[in-house]
Amino acid sequence: MGRAFLYSATVLSLFAMLSLAGEAGAQGCAMCKTTVGGPGDPLASGINTSIMFMMTMPFILFAVVGGWLTYMFWRSGPNTVGETGSKPELKVLTTEREGAR
Amino acid sequence: MARSSNTAVAHDLPLEQPAPPLRVIVPRDGGPDGPRRAQPVSNARVAIAMFLVAETMFFAGLVGAYLVFRVGSVVWPPPGLPALPLTVTWVNTILLFISGATMVSALRAIRRDDRRSLQRGLVATAVLGAVFVAIQGSEWVGLVSHGLRLSSGPYGSTFYTLIGTHAVHVVGAMLWVFYVLGMTWRGAYSKAAHDGVEVCAVYWLYVCALWGVLFAMVYH
Numbered sequence: 001m002g003r004a005f006l007y008s009a010t011v012l013s014l015f016a017m018l019s020l021a022g023e024a025g026a027q028g029c030a031m032c033k034t035t036v037g038g039p040g041d042p043l044a045s046g047i048n049t050s051i052m053f054m055m056t057m058p059f060i061l062f063a064v065v066g067g068w069l070t071y072m073f074w075r076s077g078p079n080t081v082g083e084t085g086s087k088p089e090l091k092v093l094t095t096e097r098e099g100a101r
Numbered sequence: 001m002a003r004s005s006n007t008a009v010a011h012d013l014p015l016e017q018p019a020p021p022l023r024v025i026v027p028r029d030g031g032p033d034g035p036r037r038a039q040p041v042s043n044a045r046v047a048i049a050m051f052l053v054a055e056t057m058f059f060a061g062l063v064g065a066y067l068v069f070r071v072g073s074v075v076w077p078p079p080g081l082p083a084l085p086l087t088v089t090w091v092n093t094i095l096l097f098i099s100g101a102t103m104v105s106a107l108r109a110i111r112r113d114d115r116r117s118l119q120r121g122l123v124a125t126a127v128l129g130a131v132f133v134a135i136q137g138s139e140w141v142g143l144v145s146h147g148l149r150l151s152s153g154p155y156g157s158t159f160y161t162l163i164g165t166h167a168v169h170v171v172g173a174m175l176w177v178f179y180v181l182g183m184t185w186r187g188a189y190s191k192a193a194h195d196g197v198e199v200c201a202v203y204w205l206y207v208c209a210l211w212g213v214l215f216a217m218v219y220h
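Note that the protein sequences, when read in sequence, are chains A and B.
Residue 33 in this note's numbering is what sits at position 33 of the first sequence, and the numbering runs on without skipping anything.
Residue 203 in this note's numbering is what sits at position 203 of the second sequence, and the numbering runs on without skipping anything.
Incorrect hints may have been included.
Over the 10 Å line for every Cβ pair with chain B, so calculated as not near, a few chain A residues [said to hold, decoys possible]:
| # | residue |
| --- | --- |
| 1 | F5 |
| 2 | L6 |
| 3 | T10 |
| 4 | L14 |
| 5 | L18 |
| 6 | S19 |
| 7 | L20 |
| 8 | A21 |
| 9 | A24 |
| 10 | G25 |
| 11 | Q27 |
| 12 | A30 |
| 13 | M31 |
| 14 | K33 |
So these bits of chain B aren't anywhere near chain A, every CB distance computed over 10 Å [to be verified]:
| # | residue |
| --- | --- |
| 15 | T102 |
| 16 | W140 |
| 17 | S145 |
| 18 | H146 |
| 19 | H169 |
| 20 | S190 |
| 21 | A193 |
| 22 | L214 |
| 23 | A216 |
Cβ pair distances, simulated, as ranges [what the hints assert, rightly or not]:
| # | chain 1 | residue 1 | chain 2 | residue 2 | range |
| --- | --- | --- | --- | --- | --- |
| 24 | A | C29 | B | R108 | 48 to 54 Å |
| 25 | A | F53 | B | S151 | 25 to 31 Å |
| 26 | A | P42 | B | G172 | 35 to 41 Å |
| 27 | B | A54 | A | M31 | 25 to 31 Å |
| 28 | B | L150 | A | F53 | 20 to 26 Å |
| 29 | A | F73 | B | W140 | 41 to 47 Å |
| 30 | B | V91 | A | S13 | 57 to 63 Å |
Quick caveat, the hints were computed from the structure, so don't treat them as lab data.
Yeah, the Cβ is synthetic: ideal placement off N, Cα and C, and Gly gets one too.
Please model the complete structure; the sequences and the hints are all you need to start from.
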């Protein structure tokens with residue numbers, strides 16, 4: 001019940017945000033605006049390509065390293081002893097001292 | 001032997017009462033001394049992965065700068081400047097890829113506990129790496145004599161920066177291979193413990209793969 005409500009609320013909120021969003025003009029920094037002539041300028045194409053390339057790299061790296069780590073943990077299997085997240089148990093240890101008996 | 005009056009031995013003293021039992025909370029898996037889950041990834045592997053992530057972002061920045069000029073230019077290479085030598089570089093690329101294969105064979109050798117083959121593989125890798133750098137150096141000398149310098153605009157500066165940075169990485173990887181080779185002669189690695197060889201091999205293969213990307217982007 002609670003989870004279904006949460007999912008529904010999330011989907012509705014996303015739909016509302018996307019449908020109500022107004023148009024926004026793309027902004028560029030002052031340096032890019034003065035350097036790049038316009039949409040037909042080859043330099044604009046170069047800068048866009050470079051931006052797209054550098055923007056994708058962190059995502060690719062995160063996916064590769066995260067996927068590798070996940071695979072390694074998955075391959076190592078579950079714990080051999082005990083249950084994951086089990087509560088600690090209380091053990092009573094006795095001390096033995098020489099000559100104390 | 002007589003004892004003085006102010007000295008005593010242990011059995012003369014009154015016995016201490018036995019200490020109360022200790023109540024220790026021990027995790028169900030046996031605690032620090034109990035059987036543990038095997039570490040899925042060694043610390044060395046995680047370290048080299050993080051290092052390679054940083055290296056990749058560094059080269060991504062350089063390639064990004066190169067792309068701005070390459071894609072943003074109508075004519076590439078710019079008029080009056082020499083084209084890059086493709087045939088020699090193809091041969092050089094094949095040599096570097098062969099060095100990657102020899103490094104893999106060295107890694108497989110230590111996994112079989114075959115130290116002689118490990119040493120042979122490392123020596124072959126280092127020699128091929130040195131040949132790669134030497135050929136690239138001679139190629140640079142030719143390009144400089146044809147007028148392509150660091151000051152020859154974006155074409156020269158991006159070429160020398162990208163390819164030069166990679167060459168520095170190859171030299172660094174070679175030094176690492178020599179270090180691993182020295183450790184091998186001292187008997188440092190075995191079938192059970194060869195993390196040092198493994199991370200060195202990973203770095204060498206990374207440098208080889210990186211060259212493949214740079215060669216495809218810069219020389220074509």
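To see whether the hints hold, each was checked on the structure:
Residue placement check: F5 (chain A) keeps its beta carbon more than 10 Å from all beta carbons of chain B (closest about 36 Å). Listed as outside the interface, L6 (chain A) is consistent with that label: its C-beta sits roughly 33 Å from the nearest C-beta of chain B, beyond the 10 Å cut-off. Distance check on T10 (chain A): its Cβ is at least 32 Å (rounded) from any Cβ of chain B, clearing the 10 Å threshold; non-interface status holds. For L14 (chain A), the shortest C-beta to C-beta distance to chain B comes to about 31 Å, beyond the 10 Å cut-off, and the non-interface label holds.
Listed as outside the interface, L18 (chain A) is consistent with that label: its C-beta sits roughly 31 Å from the nearest C-beta of chain B, beyond the 10 Å cut-off. The Cβ of S19 (chain A) lies farther than 10 Å from every Cβ of chain B, with a closest approach of about 35 Å, so its non-interface assignment holds. Consistency note on L20 (chain A): stated as away from chain B, and its beta-carbon is indeed over 10 Å from all of that chain's, at 35 Å minimum. With a least beta-carbon separation of about 30 Å from chain B, A21 (chain A) lies farther than 10 Å from that chain, consistent with its non-interface assignment.
Residue-level check passed: A24 (chain A) sits 26 Å from the nearest beta carbon of chain B, beyond 10 Å. The claim that G25 (chain A) lies off the interface holds: its Cβ sits roughly 23 Å from the closest Cβ of chain B, which is beyond the 10 Å cut-off. With a least CB separation of 19 Å from chain B, Q27 (chain A) remains clear of the 10 Å interface cut-off, as annotated. Here A30 (chain A) stays apart from chain B, with its beta-carbon at least about 17 Å from theirs, past the 10 Å limit.
M31 (chain A), annotated as away from the interface, keeps every beta carbon of chain B farther than 10 Å; the closest lies near 12 Å. Every CB of chain B is more than 10 Å from the CB of K33 (chain A) (nearest about 16 Å), matching its label as outside the interface. No beta-carbon of chain A is positioned within 10 Å of the beta-carbon of T102 (chain B); the least distance is around 24 Å. Non-interface call for W140 (chain B) relative to chain A: holds, since the shortest CB-CB distance, roughly 25 Å, exceeds 10 Å.
Listed as a non-interface residue, S145 (chain B) keeps its Cβ farther than 10 Å from every Cβ of chain A; the least gap is roughly 29 Å. With a least beta-carbon separation of about 25 Å from chain A, H146 (chain B) lies farther than 10 Å from that chain, consistent with its non-interface assignment. At roughly 17 Å, the least C-beta separation between H169 (chain B) and chain A is larger than 10 Å, which holds for a residue marked as non-interface. Chain A leaves S190 (chain B) outside its interface by the beta-carbon criterion, the shortest separation being 22 Å against a cut-off of 10 Å.
The beta carbon of A193 (chain B) sits about 18 Å from the closest Cβ of chain A, which is more than 10 Å, so the claim that it is off the interface holds. No beta-carbon of chain A is positioned within 10 Å of the beta-carbon of L214 (chain B); the least distance is around 13 Å. Even its closest Cβ contact with chain A, about 14 Å, leaves A216 (chain B) beyond 10 Å, as expected for a residue assigned away from the interface. Checked against the given bound of 48 to 54 Å, the beta carbons of C29 (chain A) and R108 (chain B), roughly 51 Å apart, stay inside it.
Hint check: F53 (chain A) to S151 (chain B), Cβ distance near 26 Å, so the stated range 25 to 31 Å holds. P42 (chain A) and G172 (chain B) have their C-beta atoms about 36 Å apart, which keeps the hinted 35 to 41 Å range intact. Range check, A54 (chain B) to M31 (chain A): about 27 Å between beta-carbon atoms, so the 25 to 31 Å window is met. Taking the beta carbon of each, L150 (chain B) and F53 (chain A) are about 23 Å apart, inside 20 to 26 Å as hinted.
Taking 41 to 47 Å as the suggested C-beta distance range, the pair F73 (chain A) and W140 (chain B) conforms, at roughly 45 Å. For V91 (chain B) and S13 (chain A), the hinted distance range of 57 to 63 Å is satisfied, since their beta carbons lie about 60 Å from each other.
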